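Student: Use these hints to put chain B onto chain A, whose structure you have.
Protein chains: 2
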Amino acid sequence: MGRKAGSHSEITGPKVREAALRLIARHGFAAVSMRQIAAEVGIQAGALYNYTPDKQSLLFDLMRSHMEELLESRVTSAGGGSALERLEEFTRFHIRFHLPRGQQVFVSYMELRNLEPENFQEVERLRRLYEDELEGILRQGVEEGAFAVADTKITTLALIAMLTGISNWYREGGRLSVGRIEELYWAMVRNMVAVLPIEGAELPTSVLAARAS
Amino acid sequence: MGRKAGSHSEITGPKVREAALRLIARHGFAAVSMRQIAAEVGIQAGALYNYTPDKQSLLFDLMRSHMEELLESRVTSAGGGSALERLEEFTRFHIRFHLPRGQQVFVSYMELRNLEPENFQEVERLRRLYEDELEGILRQGVEEGAFAVADTKITTLALIAMLTGISNWYREGGRLSVGRIEELYWAMVRNMVAVLPIEGAELPTSVLAARAS
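Top to bottom, those sequences are chains A and B. Residue numbers for the first sequence follow our numbering, so the first one is 1 and each next one is one higher. Residue numbers for the second sequence follow our numbering, so the first one is 1 and each next one is one higher.
These are calculated hints, taken from the structure and not from any lab test. Only true hints are included.
Cβ-Cβ distance ranges computed for the label pairs, FRET-style: (1) B:R35 to A:G136: 46 to 52 Å; (2) A:L129 to B:E72: 41 to 47 Å; (3) B:R22 to A:Q56: 21 to 27 Å; (4) A:G80 to B:G80: 48 to 54 Å; (5) A:L129 to B:G102: 22 to 28 Å; (6) B:Q56 to A:A45: 26 to 32 Å; (7) A:D54 to B:A150: 44 to 50 Å; (8) B:A150 to A:S57: 44 to 50 Å; (9) A:G46 to B:S73: 50 to 56 Å.
If you're wondering where the values come from, they're calculated on a predicted model, not measured in any experiment. The beta-carbon is built from N, C-alpha and C at its ideal position, and this holds for glycine as well.
In isolation and in its complexed conformation, chain A is listed as follows (with noise of 0.2 Å):
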């Protein structure tokens, strides 16, 4: 993790992180220099040194780290079931996960750009992992004829862009609460795939009951 060792780094670490996330949120990656993120910290610029190399990868540390969490807090949560209840878990995990992560979500969003070509691969690689995942969810939906998706893929992108979305009007205190805005996402989400009469198709008996429960 570009980490080194020790009880120093283990403290400094993620203080370092949440100053460069602070900052770079911000002002952006480009206007930040390792001067200021030692100085948020409290430290100087030459002990800053002794936990990243470099700002391209604190930069990259951040971005990775934040997919890695992604994956990994997915990974436990993940199960069986059909395809409407793995839906339903994923949407509601999606928003848990990055309702808090305002400042990680806009990061690893506008500065993909200042990544360095490995770097980036890198974050693209984790990002598809977790897009992928829904993915399968989505074909599972169709192969049992309880979700019309034409374009998995596609549907995949949209989804994900509407319930990350989310953040961009969030803030704590305000109208809704997180648990009603799963409920008003999970409902769109569950529409969304719904195979409608209009599709031609008859409702096989199992997704209506899929639906009710």
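Tutor: For chain B alone, kept in the frame of chain A given last:
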């Protein structure tokens, strides 16, 4: 618009905007200097001040003109019709307007943080005008019994995030044509707001007719 009248500015203005947009999208507002923008246009730094008093005005001009162009294009194409027809027209318009404007979309989202309070409020006011139009369509659909939408404000934000998110992955000459993208997204939007059998209500024949058209 912060531009001075006269043939000189008429020519330089668009070039300055294009250069500023390109540089800000690439490096971020805080990291770009007036000197760099002037060099990108191919004029002296001093000449740039004939066009704009400062960098903040330039950013505001970029973001405001993006929103104004969006609203003006929209007004000319708006019309009557059923909520379903209006929603389809809105969806296709939104996609066609934003797809060729990836840099504007990126800068408009990313650099909100760098607008001074007064300028931020004005850009937010324009953004809300656009959102209100979509929300009005959703309200009309609920009143017509054509849409099942629990919270028209949240569905408005969800739809806009989903549709604008296309800019994150769309590249000219990619797998899907703009026409195909419009079809896929319109199918998802229509589904998302549709009254489903699960909602417990009988589908009015007007809804079935509208869906089949």
